[in-house]
Amino acid sequence: MTTAPSALPLTFSAEVAKARESGAAIVALESTIITHGMPYPQNLEVARQVEQDIRDAGAVPATIAVIRGALHIGLDDDQLSDLAQAKDVAKLSRADMAVCIASGGTGATTVAATMIAANLAGIEVFATGGIGGVHKGAEESFDISADLMELAQTPVTVIAAGAKAILDVPKTLEVLETQGVPVITVGQDSFPAFWSAGSELQSPLRLDDAGAIAKAHRTRAAMGLPGGQLVANPIPADEEIPAAELAPIIAQAQSEADAQGVHGKGVTPFLLQRIFELTEGRSLTANIALVRNNARLGAKIAANLVNLPR
Amino acid sequence: MTTAPSALPLTFSAEVAKARESGAAIVALESTIITHGMPYPQNLEVARQVEQDIRDAGAVPATIAVIRGALHIGLDDDQLSDLAQAKDVAKLSRADMAVCIASGGTGATTVAATMIAANLAGIEVFATGGIGGVHKGAEESFDISADLMELAQTPVTVIAAGAKAILDVPKTLEVLETQGVPVITVGQDSFPAFWSAGSELQSPLRLDDAGAIAKAHRTRAAMGLPGGQLVANPIPADEEIPAAELAPIIAQAQSEADAQGVHGKGVTPFLLQRIFELTEGRSLTANIALVRNNARLGAKIAANLVNLPR
Amino acid sequence: MTTAPSALPLTFSAEVAKARESGAAIVALESTIITHGMPYPQNLEVARQVEQDIRDAGAVPATIAVIRGALHIGLDDDQLSDLAQAKDVAKLSRADMAVCIASGGTGATTVAATMIAANLAGIEVFATGGIGGVHKGAEESFDISADLMELAQTPVTVIAAGAKAILDVPKTLEVLETQGVPVITVGQDSFPAFWSAGSELQSPLRLDDAGAIAKAHRTRAAMGLPGGQLVANPIPADEEIPAAELAPIIAQAQSEADAQGVHGKGVTPFLLQRIFELTEGRSLTANIALVRNNARLGAKIAANLVNLPR
Ligand SMILES: [Mn+2]
Ligand SMILES: [Mn+2]
Ligand SMILES: [Mn+2]
Numbered sequence: 001m002t003t004a005p006s007a008l009p010l011t012f013s014a015e016v017a018k019a020r021e022s023g024a025a026i027v028a029l030e031s032t033i034i035t036h037g038m039p040y041p042q043n044l045e046v047a048r049q050v051e052q053d054i055r056d057a058g059a060v061p062a063t064i065a066v067i068r069g070a071l072h073i074g075l076d077d078d079q080l081s082d083l084a085q086a087k088d089v090a091k092l093s094r095a096d097m098a099v100c101i102a103s104g105g106t107g108a109t110t111v112a113a114t115m116i117a118a119n120l121a122g123i124e125v126f127a128t129g130g131i132g133g134v135h136k137g138a139e140e141s142f143d144i145s146a147d148l149m150e151l152a153q154t155p156v157t158v159i160a161a162g163a164k165a166i167l168d169v170p171k172t173l174e175v176l177e178t179q180g181v182p183v184i185t186v187g188q189d190s191f192p193a194f195w196s197a198g199s200e201l202q203s204p205l206r207l208d209d210a211g212a213i214a215k216a217h218r219t220r221a222a223m224g225l226p227g228g229q230l231v232a233n234p235i236p237a238d239e240e241i242p243a244a245e246l247a248p249i250i251a252q253a254q255s256e257a258d259a260q261g262v263h264g265k266g267v268t269p270f271l272l273q274r275i276f277e278l279t280e281g282r283s284l285t286a287n288i289a290l291v292r293n294n295a296r297l298g299a300k301i302a303a304n305l306v307n308l309p310r
Numbered sequence: 001m002t003t004a005p006s007a008l009p010l011t012f013s014a015e016v017a018k019a020r021e022s023g024a025a026i027v028a029l030e031s032t033i034i035t036h037g038m039p040y041p042q043n044l045e046v047a048r049q050v051e052q053d054i055r056d057a058g059a060v061p062a063t064i065a066v067i068r069g070a071l072h073i074g075l076d077d078d079q080l081s082d083l084a085q086a087k088d089v090a091k092l093s094r095a096d097m098a099v100c101i102a103s104g105g106t107g108a109t110t111v112a113a114t115m116i117a118a119n120l121a122g123i124e125v126f127a128t129g130g131i132g133g134v135h136k137g138a139e140e141s142f143d144i145s146a147d148l149m150e151l152a153q154t155p156v157t158v159i160a161a162g163a164k165a166i167l168d169v170p171k172t173l174e175v176l177e178t179q180g181v182p183v184i185t186v187g188q189d190s191f192p193a194f195w196s197a198g199s200e201l202q203s204p205l206r207l208d209d210a211g212a213i214a215k216a217h218r219t220r221a222a223m224g225l226p227g228g229q230l231v232a233n234p235i236p237a238d239e240e241i242p243a244a245e246l247a248p249i250i251a252q253a254q255s256e257a258d259a260q261g262v263h264g265k266g267v268t269p270f271l272l273q274r275i276f277e278l279t280e281g282r283s284l285t286a287n288i289a290l291v292r293n294n295a296r297l298g299a300k301i302a303a304n305l306v307n308l309p310r
Numbered sequence: 001m002t003t004a005p006s007a008l009p010l011t012f013s014a015e016v017a018k019a020r021e022s023g024a025a026i027v028a029l030e031s032t033i034i035t036h037g038m039p040y041p042q043n044l045e046v047a048r049q050v051e052q053d054i055r056d057a058g059a060v061p062a063t064i065a066v067i068r069g070a071l072h073i074g075l076d077d078d079q080l081s082d083l084a085q086a087k088d089v090a091k092l093s094r095a096d097m098a099v100c101i102a103s104g105g106t107g108a109t110t111v112a113a114t115m116i117a118a119n120l121a122g123i124e125v126f127a128t129g130g131i132g133g134v135h136k137g138a139e140e141s142f143d144i145s146a147d148l149m150e151l152a153q154t155p156v157t158v159i160a161a162g163a164k165a166i167l168d169v170p171k172t173l174e175v176l177e178t179q180g181v182p183v184i185t186v187g188q189d190s191f192p193a194f195w196s197a198g199s200e201l202q203s204p205l206r207l208d209d210a211g212a213i214a215k216a217h218r219t220r221a222a223m224g225l226p227g228g229q230l231v232a233n234p235i236p237a238d239e240e241i242p243a244a245e246l247a248p249i250i251a252q253a254q255s256e257a258d259a260q261g262v263h264g265k266g267v268t269p270f271l272l273q274r275i276f277e278l279t280e281g282r283s284l285t286a287n288i289a290l291v292r293n294n295a296r297l298g299a300k301i302a303a304n305l306v307n308l309p310r
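Residue numbers (my numbering), protein chains in the order written: chain X, 1 to 310; chain Y, 1 to 310; chain V, 1 to 310.
Simulated from the structure, these hints should not be mistaken for lab results.
Bear in mind the structure is a predicted one, so any value in this text is a computation, not a measurement.
A couple of the hints might just be wrong.
Claimed, not checked - Covered stretches of chain Y, going by a simulated chain V footprint (3 or more residues, C-beta under 8 angstroms):
hint, stretch
1, 6-20
2, 83-95
3, 99-105
4, 131-141
5, 145-159
Even glycine gets a Cβ: it sits at the ideal position worked out from N, Cα and C.
Kindly produce the complete structure, drawing on both the sequences and the hints.
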């Protein structure tokens, strides 16, 4: 599926513009990890590092954000640095991205919004940490991330280390199956659990090399199927927090949230902060490691796609 | 996004045909409010009044209905009058509209069906009372209005006073977020509650003028996003039934429904009738006021769209 | 809606290729009923019989499967025979079909995958036994078949004897309504219950002849609605197992599954096997009868479509 040229003006960084001209491999990156994932200056250091990982693996990074109403595909270092220090930046998804652009606002892109932007720019691969999913208690709250519906409809291959382990992962896999999203785990049979490499959940699909994933992406497009693929890339074994060790910590954080009456949009930040504290910072170290690992795999998949005819 | 010409023959009223030729602003209106919302002749009076409100605000009304197998975009006064007196008219949604047309039937259009028809006719704005949503108890019944999915996929901006307060509004907002639908409240931060201007629920987005809403609509289309926007327009303060006053009435109606074993498709009409009785008709007066208020805002948004390039 | 030529190479059987050239009526058939529905050689005999039923009714059968990476539209007798004896064949749905093709694998197509393939081949009608739906307990498990979402988005008319009665049929009908899928029962007002002709559930729509169903299909396409139609065709009265007789058997099978801790993907095969045993094979006889009945109706609808302009 060739992408129609975007009717919305896009602002390309010099590096991405050049890559587009030469037909080089490009990997999209989201920006909420910068604005909402870590404190300054660590967020800026990690953002630069992940971009460099992509370059080292032979592709060009395109960090995506909305800045004063312009949809940026690729940020230069000044823009990255400004975004890393900005306050009160909106967190954009499919529902609010157009309003932010139309209003001249600034916002960081979640998985859903980054997929939309990547697709507008003709970028087929996007590396992130973990996708959103079905929240625990969603059978009562109906709280389900728009990321899942985006995977069902926008033709971008998303590399993640699974869904964050604080979510209801079995229900997340069910929704992905219902919505027809390929869930492809790399190098193992079990679906990875973000900070932990493995889980007790079987992955629906397994492919072990970037070439096979690229070929599946192209086949899906040739079939006219509108959606993307979720590539579940386990955190490297020497950087994981084993599931057996993490499970009681997640459970403790969850019961603290319940006890303190934390609910709605407050739950995820609360849990992530408590897991950070209870693991003495290891959850953040693991998070950085898995994002970098995903960026490297994304670069390989993008490089393979360059060699496959559309 | 320019709309492809409809392959289905559409029947335009003289007034709408003329507006299309001259490029005038057009606002779609649904017809279930006529056939299922009020008794004759009040339904006809209100339908005429709402059409006139749109004309007074500088746009052309296009009431939509299926009459003997023809999809009408705009009704003349005889057709409006006939429809207002017709018996056993079907209530059409996405699932049954084509069968009705193919079978030569007559049907009134719900929010979903009106959006489909408006889009076929190239009309970008539609004013109604309240959208359908997630029904109370949907965690067990799975009873969720097709209106929500329509907002996710059909590029029409729908002006409503929120979702009817007898629905599970928090779950309705969750589904809209999951499906990527912009929910834009006008002039206040809280999401309106149909008969009441405010609620305890925060609106996901807020825009205070018709021009900004029109611009967001066009931006969304330029991004290739297929869906529409829900514009939540609070009932004017002097015509509302305050939430504190209405809440116990809704609760009473609900417990009467439970006690009498009313279920399924019978619940909504039962609740609306009991609320009408318990408010001594004020619920209907408020309903008319909010529809007219939405029609006026719709006309302003449509007028703004005329001046924005596609 | 005319279908764009598929960018994926399709492999047509000689019979289907000839039918395409001459513009003859074609009916798609799924292949999981062959690989996962019955033991060899009964599965082969039934597959041949159903194909012949379609020919006898004036159309051409196109059994669909992925064989060593090729998407086959129509199988010759050797291929049918090989598939009927193959071991460990994947069961393909929207999520995994492209991976199977890209990897050179072999797989049988479920309802969702068969709809996708039929649409790629320009085939508008597909006959099967029963569609997947909402599983019992889905309010907790979120286990909902991708078939329902496929009906919402792929323009193929699917003839089935309802949804398998081991599913939560009321919730299945709710999801179909939310997703805007026409559910059209033939010849009666109640929605059929697979092995039983009737049920206590009202069908949303009713059309009694193949011509009206074909016309509704074309009208839906002319309206630009992307999805298909579910045609619920009751099992012939003299071949049904009456609902009153079957209900306690299904309940017994279900409580045995619960007692033995069967869960997840194991439940459906367990229930079908126990129902087969408890009915002393009558469930299979009924299943074959209803598939043949659906094939004959599919042929009539396809023949009607040939005579309706696109
Ligand atoms: Mn949410
Ligand atoms: Mn409903
Ligand atoms: Mn399932």
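Going down the list of hints, with the structure as the test:
no.	hint	result
1	6-20	holds (count 3)
2	83-95	holds (count 3)
3	99-105	holds (count 4)
4	131-141	holds (count 3)
5	145-159	holds (count 5)
Checked against the numbered hints above, the structure breaks none of them.
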